[in-house]
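Asker: As a plain string of letters, each chain reads:
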Amino acid sequence: MTVETQLATSVPQRSSNNKMEDNKPHREDVCPGKKHKLDLKTAHAQIAATKGPEYWRSLEELAGSSEFQEMMHREFPKGASEWLDAVSRRGFLKLMGASLALAGMTACTKQPLEPIVPYVRQPEEVIPGRPMFFATAFTLSGYASPILVESHLYRPTKIEGNEKHPASLGGTDIFAQASILGMYDPDRSQTIAHLGDVRTWGNFLEAIRGPLSAQKAVQGAGIRILTRTVSSPALADQLRSVLKLYLQAKWHVYEPVNRDNVLEGAKMAFGQPVETQYRLENADVIVSLDADFLYAGFPGSTRYIRDFAKRRNPDAGEMSRLYVIESTPTSTGAKADHRLSLPSVKVEAFARALGSVLGMNSGGDGVLDRDQAKYVAAIARELQSHRGSSAVIVGDHQSPSVHALAHAVNQALGNIGRTVVYTDPVDANPVNQTDSLKDLVADMRAGKVDMLFIMGGNPAYDAPADLNFADALKNTNIPMRVHLGLYQDETAELCHWHVNEAHYLESWGDTRAYDGTVSIVQPLIAPLYNGKSAYELTALLAGQAEATGHEIVQGYWQKQHPGADFDAFWRKSLHDGWLAGTTFTPKSVNLKSAAFPPSAVGDIKSIEINFRRDPSVYDGQFSNNGWLQELPKPMSKMTWDNPVLVGPAMAARMGLKTEDLVTLELNGKKVTAPIWIQAGHPDNSITVFLGYGRRRAGRAGTGTGFDMYPLRSSATPWFTTGVSISKAGGMYILASTQGYQTMDTGDGVTRPIVRTRSLEEYRKEPDFAQDDKPPAGLTLYPGYNYRSEPYAWGMAIDLNACVGCNNCILACQSENNIPVVGKEQCNKGRHMHWIRVDAYYQGDRDNPKAYFQPVPCMQCENAPCELVCPVGATTHSSEGLNDMVYNRCVGTRYCSNNCPYKVRRFNFLLFQDWETPQLKMMRNPDVTVRSRGVMEKCTYCIQRITQHRIDSEREDRKIQDGELQTACQQSCPANAIVFGNINDPNSQVSKLKANARNYGLLQDLNTRPRTTYLAEIRNPNPELEGQRSTAEHG
Amino acid sequence: MDDPTQVETGRAPVIGPGYTFGTITDKISSIVLTRPTSTGWLIGFGISFLIVMVLLYAIGYLFLRGVGIWGVNIPVGWGFAIVNFVWWIGIGHAGTLISAILLLLRQSWRNSINRFAEAMTLFAVACAGLFPLLHLGRPWLFYWLFPYPNSMNYWPQFRSPLVWDVFAVSTYFTISLVFWFIGLIPDLATLRDRAQNRIAQIVYGMLAMGWRGSARHWHRYETAYLLLAGLATPLVLSVHTVVSFDFAIGIVPGWHTTIFPPYFVAGAIYSGFAMVLVLAIPIRKFYGVEDFITERHLENSAMVMLATGLIVAYGYVMEGFMNWYSGNVYENYNLWNRLHGPYAPWYYALLFCNIVLPQVLWIRKFRTQPLWLFLVSLDVLLGMWLERFIIVVVSLHRDFLNSSWGMYYPTRWDWAIFIGTIGMFAAAMFLFIRILPMISIFELRTLLPEAEEVKSE
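Same order as they appear, the protein sequences are chains A and B. 30 is the number of the first residue of the first sequence in the numbering used here; add one for each residue after it. 8 is the number of the first residue of the second sequence in the numbering used here; add one for each residue after it.
Hints may contain errors.
Here are some of the chain A residues that sit facing chain B, going by a computed Cβ distance under 8 Å [said to hold, decoys possible]: (1) G775; (2) V897; (3) T921; (4) L938.
What the hints contain is simulated information worked out from the structure, not anything from laboratory work. Ideal Cβ positions, reconstructed from N, Cα and C, are used throughout, including at glycine.
Model the full structure from these sequences, guided by the hints.
Answerer: Below is the structure:
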């Protein structure tokens, strides 16, 4: 048995009725002995010299030695932390051999040395080889994504949406899915540390006892707690009880991607904080004012994508119409029927003009040009003719006034209660977070703070530049600074104590989804490194040092649900993934006034800069997540970087090319970064993304990209004007995974890749997408009669539904053990994603139309790849799958050359990490881990097909339609991907394939693809369509 | 025109005047047996040997890390390795053409150049044969391409042209080796008889396989040689036809075309003769064998080059025409991309090297003056390498889906292995010149007027 499986399987686990095993510290205190040098080589040699059962003993002995402790505390093996070569991003995988020793020491509990015997009785529910699924929830900025976690012998391996939860309905988001890698991240903080030295929980308790009791005397006047957004009812309750205990203590909240504007907007309009929810399934007309509501990070986006997609079916019901007025191009803008590219500073004017036309006297004249005014007029007409079935959605980064205006507009249109619903806020402590942090920094500088607890978050990196938080932390005399975090990051570096945080998959908790529904966060595995959760740390402050996360959370909910049926209630809640009756009920609120003060926008003639959360690494908290780093961003398909986005017109005017380095200067702060020319970006405006340029993120995130926080100030966290751009000279290589982002080729032809029409044209000519379909039987080889087989697998992808959210890519990566290759390899075109989402821009580069197309393997019936493989490593199954036999592959790459869809991926080097024990635990045991020199590709998740075939055969039935889902299909919030048996005429996929919009990509090559697409239909407003085309021709 | 060696045809003779059986034998065998090893040879061999070491290093690193050290990627799955493979295989073709087809056609002038042309074939095929093995993702499993009995009862996939390649190239190498060796036997016997050194006597003696020059030996030899020539002749056409199938079978625009087999064969001979001239011109100069390899040989080779070059030019024209005539957007784009895409300069360079410049061979001066011919031949070799680059890389880098377009940049390891094989080829040629008769002694003797007298007696 290998080290890690032993560790994993013998961890005592709960099922939903078991109490979590107590995690009291096992380790003896570490005595800081003499420091001998111990490097990796020596450690390896020591381990290698021993064999068999002695292995553990040698680790034990090793553990006792102070050199080893020193090595552990270094976090990385010697040499690794000094390894700053950019090329080494892949190389770090190699180095992780060291983690064998590390993980043996630090993970989980110690094993007995005596021989132990496996199960005598098999634990209930556990069937070796069959995964179990546990409901829990992932929280991002306070909003929960309800998820199911696949667990193989109590090792969590994959995250899926919770079908039964209204905020998921089976879909999920990229951040939730990637969090599984976050848990296994070998760079996570593994120990408690004091000034960088390894300490134990006992040491920490001891150290904190004195100062804490000293604070009692002054009612906690020196205690400050800084958290991220907290939506957890239990934690909020705990924190409030700490505040009761120490009446003068303060709880501050800060999150770099915060919703202050939303809060202030609500206060401005209604005088109280409210949560705004949308019912997009009821909306015929949706107007987005800079709101990226179809991408992860927008509260409720998973549900909104589903509701939006439902109304985009041209064959059923009335198609909705989406107007997007936005600055930075987003995937939401790409799905719009009309997208107006407008600098952020002008969005308020647009909103005011819209309000004025709708009779609100909100001003807004003089800023918009004639075309923009036409948009206002057209949208206003549409809204007026769809009273009660329209919705105006505002992005978090727009000013409070725009939010308040949108509330007024929605109210005036009678949308409240129909398409727009108000509830209590999800945030348990809805305060202005920027102000909250400002207060904290002021107190710190005034010397009022004696004990600072930073629970989660990384303010030393991501606080507004003008607050100079890192400086305040470092140079003010706070006697005790404690950081609780997953990583020993920039903030941990500046704190006395660092407590390694337990990942949410390792700890108990609770959280709220966008609709208020509470989910209990269940741990899937005992903390890998004995981490502590915020609940436990807060309990410590409240004087309950011994309380476990489980006791705290369960105890809180027992108080809320005191009946005798609590056990049943608790079990059901854990099982379902949410607590019944916690969903917020709609709230009726009244508009206080309709006059909202204009926001200061500065000089709108000067260049505007937008700060946005990164589509992949968010605010920087996912910087060290290789899956997210390598996830192509929805519009630019960029990986591993955050270039400055510049529109084509502006780039042409300034003579800038993609990859040119420029220096941005704002308020005396300078940042040098490369640019990326982004089609559709408004002129005189640039966008930068947060979350990169980390100094202490880990091997994937440290030094990747450019830190934009120095330009961001507390007054203008989202956009401001007056930035200056100058060429810095030189180039910087950017790794985009898509070669060419338009279907137009240089010779004046537009290739029929994404087929699209307007709704009107589609009604006239429904089978427009079919014209190049070759007749059946057009091949020299005798055909195979797939129709006589019980199953013929096929897939249909509805391009109309797809919103380019990237979920399928991550689901596939997680399901199929797909490696991360690093920037250098991505730049060479060697990324490994089995499914990709192509983005194509068509038309005017300043405001193009954009289309998404997910491309998995087409499983061609006449597969060009199979014909050319010299060793028969890729062959066709009787069920129509284009199978890949990894063991047989010798790596000629001929199949990839001959694949017209280029969906095959090759292990040019040893891309997979074969050494890091944590990552081994994460792998899906049902899927082969590929080595170098082998071709790989999408197999329609053949492991799932096989599993369901076995199950169905045992029950003597056929696989039912819908019971079997591929990973991409399962994660798709839009239901755009449908997989099933095309031999069954009643299956969902057969019905879709019978649709007039159904076409095969490159079907004229007679490859007879099993994956087909449903052509995209847009629903433009004829009034604006005319105007747009004249603008184009003019 | 005032060259005294010219005969009434106005062309140079195939052998200089004043030679007898004895002087021919003396002259050629002395290069191997008696002349001291020249400094030039030592320097040339030394440099080639160093390059071979670079090759071995590069191969070692390749096996250690994987093909990712090259510039290959998705979409360009084949890069320098396949370009070089096709280039080297093509070069080999001239040797077989000279020794087999010209023998059957009774073109006796070939007798002076066939030996080293055959050696060239052998070494070129050896260089070529390295690449399919090196370019595998898992080269240690190369034998899975052979139909060998195994416990899995699993065979290669015979529909794949790569399997045909295995057969074509291995057959070609075997036949070339046997043919070359059989042709060497009478001369090896001569060397055995003339060698003074004991070791040389033993080695040449063993290699000569007991050749005594009896009438029966000669009779059997002639029959075997003729039969092998008959066997090798179809290979001249078939090997490069099969190689062209590697591309023609694929559906990639720029590959999927029926003109490839004849066009590849013509191209192979084109580059092969260029290599023959690149080798012959310095050899005849440095070893003073201008009388054996005369202007006549140079001119004949130049004319073959001109003719095959024109076939290749026709191939380009037809390729372009069919790209356009197909009316297929992907085929159309392939042509457009060659003319306007990122690799357009290379395509124009190819047209210049392979079509424009070789037209100077219509002028006699360029066919007979060694220096000019040498330069034209180098140009053709470069052009033919570019042709393979255009076919392999430029077709792949932009195929059907725009989203998957990419670029190919060779890395230092690509270059190291390419230049390494040139070094290996050169080193093998140096060794060959030094230890074996580079010109067939006995066949050259049949060109002398005395041979006619012997025959008529």
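Asker: Looking back at the numbered hints, which does the structure fail to meet, lowest number first?
Answerer: none
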